[in-house]
Amino acid sequence: MPKFEILLQAIVNGILIGSIYGLIAIGLTIIFGVMRVINMIHGDLIMLGMYLAYWFVVLIGGGELPPLLVALPVFFFIGCLIFRTLVSPVAKAGGEMGTLLITAGLSLAVTNFVQLIWKADYRSTPAQLVSTSYSFAGLSVSSALLFAFFTSAILVIAVSIFLMFTETGRAIRATAQDQEAAMFMGVNIEKMMLIAFGIGVALAGTAGVLLTPIFYVYPYVGFVYIVKAFVVVVLGGMGSIVGAALGGILLGVTEQLGTLFISAGYKDAFGLIIFVLVLLFRPSGLFGRSRL
Amino acid sequence: MKQKLFLIFSLIGIGCLFLMSVPLSKAAEPIYIGTVQPVTGPYAAFGTKFYQAYNIAADEINAKGGIKGRPIKIVFEDSQDKMDLGQTAAEKLIARKEIIAIIGGRLSGVGYAIAQICERAKMPYLVDHPSADVVTKSGFQWTFRLNPASSFNSVPLQQFLKNVATDVKKVACLYENTIYGKGVAEPFKKFLEENKYEMVVSEVYPPLALDYRDLLTKTKAANPDLVFMASNIPDSALILRQARELGLKPKMFSGAGAGFSISEFIEQATVAGNHVYSTGPWSGNPKDPAVQAFMKKFMQRFGKYPKEHEAEGYAAVYVIADALKRAKTLTREAVRDALAKTDLMTTFGRVKFENFDGYTNQNNGLKNGQVVLSQWQDGKLVNVWPKEVSEANWIYPGKY
Chain A
1 MPKFEILLQA IVNGILIGSI YGLIAIGLTI IFGVMRVINM IHGDLIMLGM
51 YLAYWFVVLI GGGELPPLLV ALPVFFFIGC LIFRTLVSPV AKAGGEMGTL
101 LITAGLSLAV TNFVQLIWKA DYRSTPAQLV STSYSFAGLS VSSALLFAFF
151 TSAILVIAVS IFLMFTETGR AIRATAQDQE AAMFMGVNIE KMMLIAFGIG
201 VALAGTAGVL LTPIFYVYPY VGFVYIVKAF VVVVLGGMGS IVGAALGGIL
251 LGVTEQLGTL FISAGYKDAF GLIIFVLVLL FRPSGLFGRS RL
Chain B
1 MKQKLFLIFS LIGIGCLFLM SVPLSKAAEP IYIGTVQPVT GPYAAFGTKF
51 YQAYNIAADE INAKGGIKGR PIKIVFEDSQ DKMDLGQTAA EKLIARKEII
101 AIIGGRLSGV GYAIAQICER AKMPYLVDHP SADVVTKSGF QWTFRLNPAS
151 SFNSVPLQQF LKNVATDVKK VACLYENTIY GKGVAEPFKK FLEENKYEMV
201 VSEVYPPLAL DYRDLLTKTK AANPDLVFMA SNIPDSALIL RQARELGLKP
251 KMFSGAGAGF SISEFIEQAT VAGNHVYSTG PWSGNPKDPA VQAFMKKFMQ
301 RFGKYPKEHE AEGYAAVYVI ADALKRAKTL TREAVRDALA KTDLMTTFGR
351 VKFENFDGYT NQNNGLKNGQ VVLSQWQDGK LVNVWPKEVS EANWIYPGKY
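Line by line, the protein sequences give chains A and B. Numbering-wise (the numbering used here), the first sequence opens with residue 1 and increments by one. Numbering-wise (the numbering used here), the second sequence opens with residue 1 and increments by one.
Derived by calculation from the structure, the hints in this document are not laboratory data. Since this is a predicted model, take the numbers as computed values, not measurements. Wrong hints could be hidden among the right ones.
Dumping the calculated DSS-like pairs for lysine-lysine here, alpha-carbon to alpha-carbon at most 25 Å [said to hold, decoys possible]:
| no. | chain 1 | residue 1 | chain 2 | residue 2 |
| --- | --- | --- | --- | --- |
| 1 | B | Lys304 | A | Lys119 |
| 2 | A | Lys3 | B | Lys249 |
| 3 | A | Lys3 | B | Lys169 |
| 4 | B | Lys251 | B | Lys189 |
| 5 | B | Lys296 | B | Lys64 |
| 6 | A | Lys119 | B | Lys380 |
| 7 | B | Lys137 | B | Lys73 |
| 8 | A | Lys3 | B | Lys251 |
| 9 | B | Lys182 | B | Lys137 |
| 10 | A | Lys119 | B | Lys73 |
| 11 | A | Lys119 | B | Lys170 |
| 12 | A | Lys119 | B | Lys82 |
| 13 | B | Lys170 | A | Lys3 |
| 14 | B | Lys122 | A | Lys119 |
| 15 | B | Lys367 | B | Lys189 |
| 16 | B | Lys64 | B | Lys92 |
Excised from the complex, chain A in its bound form (with noise of 0.2 Å):
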C-alpha cells in the first residue's frame, strides 16, 4: 500500500491530466452531436493550434495568454472555411462515410504539409513554463497543468452556458436533437451546423496552444491525441460536453491509480477496461442520453 502522499499525488495528477483529456475531446464531441460527423481532422487541428503557441513564443515572445486569445478566433475561422468548402458538401452527397473520409484525408494533407514546411523536428517553447511548479504539503504540481485545467474549466462553462441560455444555443442544441424538426421551426440549420463546427475546431485549437508547454510539437503529434479524444468521447456519450469533461478525468484518474497499483505496462488497458465497464452498463456513454 503506497503512502498517502504519494495516492493523493497520483489523484491530482489524474485529475489535471484528465482535464487535458476532456479538452482535447470536448470540440470533437460537438462536432459530432450536432452533425454527425466524425471530424478526423481533429487531431491535426490541436497541432496547428501547438505551432501558432510555439512561434508565438518564439517569435513575439509573452506568456500564454495572448495566443490563446488569438487562437479562439482564427480556429473558429478556420472551422468556418473547413465546413463551407468541405464537409457541408460532401455531408450532403456522401453522408457519414463521405465526411470521415474527406477529413481524413485533409487530416494526411495537412500534417504532411506541416512537415515539408516546418519539418520533422520536435520542438518546445523554452522550457520556463515547464520547469515552474507548486510544492504543498508533499505534493507538486506543474503551473501549466494548472493553467490548462483552470482553462479548460472555464472553457467548458462558457460553451456549456452558451449552449444552454443563448437563442443561437438552443438552435443549436435543436439541430443537434433533430435537424427536420428544427428546420420547421424555422431554424437555419446549415448556419448552426457552421456555427458549432467553428466552436469545435475553435476548441481544438485553444486546447492545442494549451497543450504546448506540457507537450511538445511535431506534425504527427495529432495522431497522440485522436486516440485519446475518441475513447473520452465514447466514454462520456457522444455529443455530451459534460460527459467528455468528466469522462477525460476518470479516464486519466484510472491510467494514474492503475500504474501506481499494479503497472505502466497495461496504462492503456486500463482505460479500456473502463470504457468497456461504462459501455457495458451505460451503452449511450456516462452522459449519453442529455446530448448537448
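Chain A is already provided as a structure; the job is to place chain B on it using the hints.
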C-alpha cells in the same frame, strides 16, 4: 485542330527529350542501394538524420569517382517506423533488380522484420542502428550489423557502477514496451540481479504517451539511487521534464542511447536534461582526426554536430562502398560475400563482422570499444567512461 496540333508537337518534344536522356544516363548508371527509414510519422526526425548522413557519405564517394566508375545512389523507402510498413518497404526495394543491398532500418522491430525478408529473398542487409540482439542472434546469413548489439549498451554503465558509483544500492528501470526497450533493459536487469542490487521499480510503458507522471510518482515513492531508462526521443525528454517537476532526484539518471544521445534530447529537456547520462554506442573516437573532420564537415553542411545515428549511417555507406569495391561482380550474392570479409577502419571505429556468443555477422563493438558512457554537461554530450575515450570528468552525483 490547334489543340490537336499542339498535343502532337508536345508529344514529339517529350519523345525527343526521352531519347536524348537515354544515352546520357547510360554512361554513368548509378549503383543503387536501398534503405528503409521513417521518412514520415512521429519518428521522421530520425529519417532526416540518416538522410543527411547517407548523402554526405555518398557525395564524398561519388566526388572521388564512385565505385568501378559508377556513382552510388541511396534509394529511400518510408516505414514510419512501423513493422508492417517496413516489411512492405523492404519488399519493394527487393523487387527492384538494380538495388543490390539494403542498409538502415532505424527501429529494432523494423530491422528484425527486414532481416527476415532479406534472408528469404537473398538480399544483403547492413544494419547500422537497430540494436536488438535478435537481429544478429537468429543465424541470418544475409544480415550484417556494424553497430553494437543492445546487450552491450549497458556495459559501460555496469563498469561505472562497480568502479565509481559504488554507493548506488536501489535501482529503478523504466523502459518502453518494444523490442529495443526490452533488448536493452533485460541484460541490465540480469546484471543488477547477479550483483545483488535492489531493484525497487521495474516498469515497461507504452511509448508515445502524453504523460509519465504516474510512472514517475511511483518511482519517486521508491526513492532510487539510479534511474535507468530505455526510451526514444519524444518520451525521453518528457520523462526528464516531468521528473524534474515532480522533484524526483536520484544520484544518477542514465538513459541507454536512443532518445538520450541525440541533440533533440537536450533541446527538449533543457535544464531537466543536464547531467543525465547515456550508455550506448559512441559517435566515433573524438580524438581521431578523421572523426573530427567528419564532424566539422557535417556541421558546415547541416548546421549541427552529428551524434550516434549520423556516425553510424555515415560509416554504413563506407562499409557498403568498401564491399562493392571488393565484390567480384555487382550481384547481391557477390556483395554478401564481400561484406562477410569486411575489415575496415571507419569514423565509427573498426568494423569487422564476426560470429561469437551466438551472434552471426556482428561487429564486436564491445571489443572494438564502440560503447561508452557519456553525460550531458551544459548542453554538450561528452564521453566520461571508459577513460581511453573520455572527453571530460564525470559529475557524480548529478545535480538534477
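Original post:
Which hint numbers doesn't this structure obey?
Top reply: 7, 11, 14 and 16
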